[in-house]
Amino acid sequence: MSRVLDIGDPHEPVCHPGYRPFCRHLRNKFKTTKTIIKGDICDHHAISFHAANPMCPGPNDEYILVKQKMQLWHRDFPKAIITIGNHDMRVLRLAESVNIPPQYMRDFNTVWNTPTWEWVEDIIIDGVYHFHGTGRSGLYPAYNAMKDHLMSVSMGHCHTASGVKWSANPDQRTFGMDVGCGIDVDAWQFAYGKHMRKRPILSAAVIIDGVPQHFIMPCGRGEKYHKSRF
647 MSRVLDIGDP HEPVCHPGYR PFCRHLRNKF KTTKTIIKGD ICDHHAISFH
697 AANPMCPGPN DEYILVKQKM QLWHRDFPKA IITIGNHDMR VLRLAESVNI
747 PPQYMRDFNT VWNTPTWEWV EDIIIDGVYH FHGTGRSGLY PAYNAMKDHL
797 MSVSMGHCHT ASGVKWSANP DQRTFGMDVG CGIDVDAWQF AYGKHMRKRP
847 ILSAAVIIDG VPQHFIMPCG RGEKYHKSRF
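Mapping of the sequence shown onto the numbering used here: position 223 corresponds to residue 869, and the numbering continues sequentially without gaps.
The reader is advised that the hints may include incorrect statements.
Straight-line distance between alpha carbons at most 25 Å, and here's what the computed DSS-like set of lysine-lysine pairs gives [unchecked claim]:
hint: 1; residue 1: K870; residue 2: K675
hint: 2; residue 1: K715; residue 2: K680
hint: 3; residue 1: K725; residue 2: K677
hint: 4; residue 1: K870; residue 2: K715
hint: 5; residue 1: K840; residue 2: K793
hint: 6; residue 1: K840; residue 2: K873
hint: 7; residue 1: K675; residue 2: K811
hint: 8; residue 1: K844; residue 2: K870
hint: 9; residue 1: K873; residue 2: K844
hint: 10; residue 1: K725; residue 2: K713
hint: 11; residue 1: K811; residue 2: K680
hint: 12; residue 1: K811; residue 2: K844
hint: 13; residue 1: K675; residue 2: K715
hint: 14; residue 1: K715; residue 2: K811
hint: 15; residue 1: K725; residue 2: K715
hint: 16; residue 1: K793; residue 2: K811
hint: 17; residue 1: K675; residue 2: K725
hint: 18; residue 1: K725; residue 2: K680
hint: 19; residue 1: K840; residue 2: K675
hint: 20; residue 1: K677; residue 2: K715
hint: 21; residue 1: K844; residue 2: K677
hint: 22; residue 1: K811; residue 2: K713
Hints are computed from structural coordinates only; laboratory data are not their basis.
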């Protein structure tokens, strides 16, 4: 059985400056022995099928910024497992769209200089299915995924979904956990969501012996992880 730190989508270079310290705090407090980052490590705003915001860095500048941030994540969580997200795949998808096969592309660890990270589509630890969540949406995305997979699920992807929802039958109990995200909602990269009713939830979790504990990051005005403190 394991003590797992479960980190939401960072979307570097526009992760909230307090999110990595918050995740470090959870690791130290609960003495976790495994770390899973739920993907979308890089936002790849400049490399996309969508129009880029003109206020954002171009592809090369974004790469330089992300690589700098990635070294900090790799330093703090050197043995992390990354469940590959849709934003992580943007370069590969764009290459594929112009008939370039993946054999010509570099692997993630080479791109980001993170030699000790493990990149996976999904992974099962202590009976919990971990994946990014690509294709999922709705009010309770992880809970719905739990029902489809017939097992407990932990996922990211849906920035406005955060928390744990349980189900039980006479034989077992299972949960769906939306880990949340770590994004800086004020960044230009997220300007498209300025007028959306539901806002992103900054949060992370630990799963100890298969049992989840979910934590909202206190990042409001006057709270420990407010941006003004970094």
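| Hey, K677 versus K715, does the alpha-carbon distance stay inside 25 Å? | 24 Å, holds
| request: Would you mind confirming whether the straight-line C-alpha gap from K675 to K725 stays at or under 25 Å? | output: Status holds; Cα separation ~18 Å.
| message | Check whether the Cα positions of K725 and K677 lie no farther apart than 25 Å. | response | Roughly 14 Å separates the two Cα atoms, so the pair holds.
| request: Would you mind confirming whether the straight-line C-alpha gap from K793 to K811 stays at or under 25 Å? | output: OK: K793 and K811 at ~11 Å, within 25 Å.
| message | Does K713 sit within 25 Å of K811, going by the straight-line distance between their CA atoms? | response | With Cα atoms ~35 Å apart, K811 and K713 exceed 25 Å; violated.
| query | Under the criterion that the straight-line Cα-Cα distance not exceed 25 Å, is the pair K675, K715 satisfied? | reply | Holds, at roughly 23 Å.
| request: Would you check the hint for K840 and K793, treating anything up to 25 Å between C-alpha atoms as holding? | output: 32 Å, violated
| said: Does K675 sit within 25 Å of K870, going by the straight-line distance between their CA atoms? | reply: 16 Å, holds
| Proposed proximity, K870 with K844 (alpha carbon, max 25 Å) | Given that 25 Å is the threshold and the Cα spacing comes to 23 Å, the pair holds.
| Hint consistency between K715 and K680 [alpha-carbon to alpha-carbon, up to 25 Å] | With Cα atoms ~21 Å apart, K715 and K680 stay inside 25 Å; holds.
| query | Can the restraint linking K811 and K844 be considered satisfied, given a maximum Cα separation of 25 Å? | reply | 19 Å, holds
| Going straight from one Cα to the other, do K725 and K715 come out at no more than 25 Å? | Satisfied, since the Cα-Cα distance of roughly 16 Å is no more than 25 Å.
Violated hints for the displayed structure, listed by number in ascending order: 5, 14, 19, 21, 22.
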